[in-house]
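As given, the protein sequences belong to chains B and V, one line each in that order. Sequential numbering of the first sequence, starting at 1, is according to the numbering used here. Sequential numbering of the second sequence, starting at 1, is according to the numbering used here.
Treat each hint with caution, since some may be false.
To be verified - Restraint ranges, calculated between C-beta atoms of paired labels, are given here: (1) V/V75 x B/E458: 39 to 49 Å; (2) B/A418 x V/P25: 16 to 26 Å; (3) V/V75 x B/G445: 29 to 39 Å; (4) V/E35 x B/K70: 26 to 36 Å; (5) B/N45 x V/K6: 56 to 66 Å; (6) V/E35 x B/G229: 52 to 62 Å; (7) B/N71 x V/D52: 30 to 40 Å; (8) B/G72 x V/T60: 52 to 62 Å; (9) V/V75 x B/N300: 20 to 30 Å; (10) V/D44 x B/V187: 46 to 56 Å.
To be verified - List of simulated lysine-lysine pairs, BS3-like, C-alpha gap at most 27 Å: (11) V/K85 x V/K6; (12) B/K16 x B/K92; (13) V/K39 x B/K92; (14) B/K414 x B/K227; (15) B/K444 x B/K70; (16) B/K157 x B/K115; (17) B/K423 x B/K444; (18) B/K218 x B/K414; (19) V/K63 x V/K6; (20) B/K49 x B/K84; (21) V/K7 x B/K441; (22) B/K92 x B/K70; (23) B/K444 x V/K63; (24) B/K414 x B/K400; (25) B/K447 x V/K7; (26) V/K39 x B/K84; (27) V/K63 x V/K7; (28) V/K7 x B/K400.
No wet-lab data here; the hints were simulated from the structure. None of these values were measured; they are calculated from a predicted model. Positions of the beta carbon are idealized from the N, C-alpha and C atoms, including for glycine.
Spelled out, the chains give:
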Amino acid sequence: MTKVVSSIREAIELAKLHDGMSISFHHHLRNGDYVLNMVMEEIANMGIKDLTVNASAVFDIHAPLVDHIKNGVVTKLRCNYMSKGIGTEICKGIMKEPVEFRSHGSRPGDIINGKTPIDVAFIAAPTSDTMGNCTGKIGKSRFGSIGYAMADAENAKTVIVITDNLVEYPLTCASITEDYVDYVVTVDAIGDPNGIMSGTTAQTRDPVRLRMAQTAVKCIEASGLLKDGMSFQTGAGGATMAAAMYLKDVMLEKGIVGSYIVGGISSASVELQHAGCFKALQDVQSFDLGAAADLAENPNHIEVSARRYSSAVGKSSCMNNLDVAMLGATEIDVDFNVNVHTDSNGVIMGGSGGHTDIAEICNMAVVIAPLFRNRLPIVLDHVTTVSTRGENIDVLITEKGIAVNPRREDLKEKFIAAGLNVKDIRELKAMAEEICGVPVKAPKGDKIVGEVLGHYGEHVDYIYNVPER
Amino acid sequence: MSDIKKKAQVGNVDQNADCVIVIEPSEGGNQIFLESLVKTQYGDAIIASAEDELKKYNVTNAKLTITDRGAIDCVLRARLEAVIKRGMEA
């Protein structure tokens with residue numbers, strides 16, 4: 001028996017895809033992904049309309065999606081992250097229904113609990129055998145962990161694996177297994193793996209960011225959490241990744257061995273684990289090719305599904321034992337609410353990813369952001385969009401001082417005792433405004449173009465259209 | 001007769017937190033054209049700083065084109081001062 005069919009079109013026909021159905025994609029190839037576009041083009045050519053697309057993230061490489069929306073092929077969009085090219089179009093109000101933005105945890109949660117069922121899942125797989133045992137760990141287009149696609153594979157009615165490296169059965173290192181897969185299609189290339197290192201994952205040399213990263217490590221030390229068994233999460237921002245490197249120096253110097261690093265895993269995280277600073281890496285997404293290569297070889301670098309990573313529907317997740325997390329922010333307000341969805345003009349340019357899940361559960365959630373970026377102060381009275389609620393953010397680190405959430409007096413006391421530059425968050429806001437001036441707030445439209453959902457799938461905020469000027 | 005004698009340019013075209021400013025001789029008063037990443041938030045403030053600097057140097061007939069990528073006010077004013085002085089050189 002073989003599940004290999006001749007083309008994407010044949011697989012779509014066999015899946016009996018029709019108007020009004022829900023299809024899904026995952027984003028491990030980030031801005032290098034070809035699969036979403038290939039599949040959507042075929043679907044559009046077949047004349048199928050009114051589809052719901054549930055993609056773990058959409059990047060600017062997926063720009064053809066905008067035409068499929070305008071042409072009625074796609075009428076509903078669900079994702080955890082959206083880059084600015086597509087976000088700009090969405091903010092013009094091109095969709096009748098708002099885009100649903102979930103987190104990396106609530107997306108699989110809502111797939112599993114049946115709130116957002118998937119009819120056909122398309123899995124981009126760098127290697128698959130003829131029965132659909134597949135993985136991202138090997139192959140010319142390898143991207144590492146395939147964690148975001150696992151809930152799709154396990155719960156969709158029909159699962160189509162699309163690969164550019166078909167191998168003999170059985171593939172012995174499968175991440176998604178044949179018992180979930182209906183059809184396998186081969187294509188010339190599923191993507192350009194060099195596109196993985198896109199968006200927010202480039203390493204920084206910016207002195208302001210490096211200084212914030214050093215401060216972050218001092219905060220971790222002062223918090224008392226820096227001890228054997230510590231677990232750590234770092235995002236894809238420049239400063240948060242730099243913090244990981246400074247953390248390594250301190251841990252080696254003090255001989256501290258942590259438990260695990262979780263999240264999107266970068267080469268920086270791999271370096272920490274190899275240096276003996278942490279025992280294990282729990283990887284839902286490999287942020288660069290170095291991390292992808294390590295996942296294939298390192299037995300202590302494990303692949304986790306998005307559900308196991310940060311969902312509330314499992315019995316526990318990697319979040320439950322998480323001590324310290326470094327997060328980014330586009331804006332943060334005086335109540336510590338964080339915006340990572342929209343820019344200061346209200347244009348969609350991101351999404352929660354794991355931000356909301358991590359902040360919700362972990363012991364100390366630290367946001368690292370400069371006092372201002374391109375003249376725009378980071379601290380505002382009210383964020384443009386609430387992505388993560390302030391009650392879940394513990395610390396803000398800027399290059400001019402640290403603000404601690406009043407809910408965490410304990411941390412504040414420890415930071416002050418350690419001689420750290422603790423300031424009221426309103427003081428940081430005033431410092432930025434003295435340099436930048438007080439920004440005029442951008443006008444919001446009156447049409448809802450997006451809804452932000454939280455860790456449990458609950459409503460957090462709405463995103464509005466951006467009026468044309 | 002314009003007080004700006006020649007066209008001059010300052011600034012960094014592809015650098016965030018900076019701006020590019022071009023000044024040219026003109027007639028019939030000062031004209032200011034602004035493009036900015038933060039036009040909504042700081043457009044009025046940028047124009048006000050530009051008018052202020054022109055006034056400081058008694059420039060009354062110039063065309064000023066500002067392409068701003070989020071320069072803070074002190075950077076903007078330094079660029080304005082430089083471009084005005086260059087434009088006034090014979």
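To see whether the hints hold, each was checked on the structure:
For V/V75 paired with B/E458, a C-beta distance near 43 Å keeps the hint of 39 to 49 Å intact. Between B/A418 and V/P25 the CB atoms are about 60 Å apart, so this pair departs from the stated range of 16 to 26 Å. As the Cβ distance of V/V75 to B/G445 is approximately 32 Å, the hint placing it in 29 to 39 Å holds. For the pair V/E35 and B/K70, the supplied restraint of 26 to 36 Å holds, since their beta-carbon distance comes to about 28 Å.
Taken as a hint, the range 56 to 66 Å holds for the pair B/N45 and V/K6, whose Cβ atoms sit roughly 58 Å apart. Between V/E35 and B/G229 the CB atoms are about 53 Å apart, so this pair conforms to the stated range of 52 to 62 Å. In this structure the supplied range 30 to 40 Å is violated for B/N71 paired with V/D52, their Cβ-Cβ distance being about 51 Å. Distance hint check: the CB atoms of B/G72 and V/T60 are about 57 Å apart, consistent with the given range 52 to 62 Å.
Our hint of 20 to 30 Å for V/V75 and B/N300 is violated, since their Cβ atoms are close to 48 Å apart. Take V/D44 and B/V187: their Cβ atoms lie about 53 Å apart, and the range 46 to 56 Å holds. For a cut-off of 27 Å, the pair hint linking V/K85 to V/K6 stands: about 10 Å separates their Cα positions. Proximity of B/K16 to B/K92 is assessed by CA-CA distance (about 33 Å); at most 27 Å being required, the pair is judged violated.
Taken as a hint, the V/K39 and B/K92 pair is honoured in the structure, with Cα atoms around 19 Å apart against an allowance of 27 Å. Distance hint between B/K414 and B/K227 is fulfilled; the C-alpha atoms sit about 15 Å from each other, no more than 27 Å. Our distance criterion of 27 Å between C-alpha atoms is met by B/K444 and B/K70, whose separation comes to about 23 Å. At roughly 14 Å between alpha-carbon atoms, B/K157 and B/K115 fall within 27 Å of each other, so this suggested pair holds.
With a C-alpha separation of about 31 Å, the suggested pair B/K423 and B/K444 falls outside the 27 Å cut-off, and the hint is violated. Only pairs whose Cα atoms come within 27 Å are accepted, and B/K218 paired with B/K414 is accepted, the gap being roughly 11 Å. Distance hint between V/K63 and V/K6 is fulfilled; the C-alpha atoms sit about 11 Å from each other, no more than 27 Å. As the CA atoms of B/K49 and B/K84 are separated by approximately 25 Å, the hinted pair is consistent with the 27 Å bound.
For the given pair, V/K7 sits about 35 Å from B/K441 by alpha-carbon distance, which is inconsistent with the 27 Å threshold. Of the pairs offered as hints, the one joining B/K92 and B/K70 holds, with about 12 Å between alpha carbons and a cut-off of 27 Å not exceeded. A C-alpha spacing of about 33 Å is found between B/K444 and V/K63, which places the hinted pair above 27 Å, so the restraint is violated. Distance hint between B/K414 and B/K400 is fulfilled; the C-alpha atoms sit about 19 Å from each other, no more than 27 Å.
Between B/K447 and V/K7 the CA atoms are separated by roughly 46 Å; this puts the pair beyond 27 Å, and the hint is violated. With a CA separation close to 18 Å, the supplied pair V/K39 and B/K84 stays within the 27 Å bound. For the given pair, V/K63 sits about 9 Å from V/K7 by alpha-carbon distance, which is consistent with the 27 Å threshold. Of the pairs offered as hints, the one joining V/K7 and B/K400 is violated, with about 40 Å between alpha carbons and a cut-off of 27 Å exceeded.
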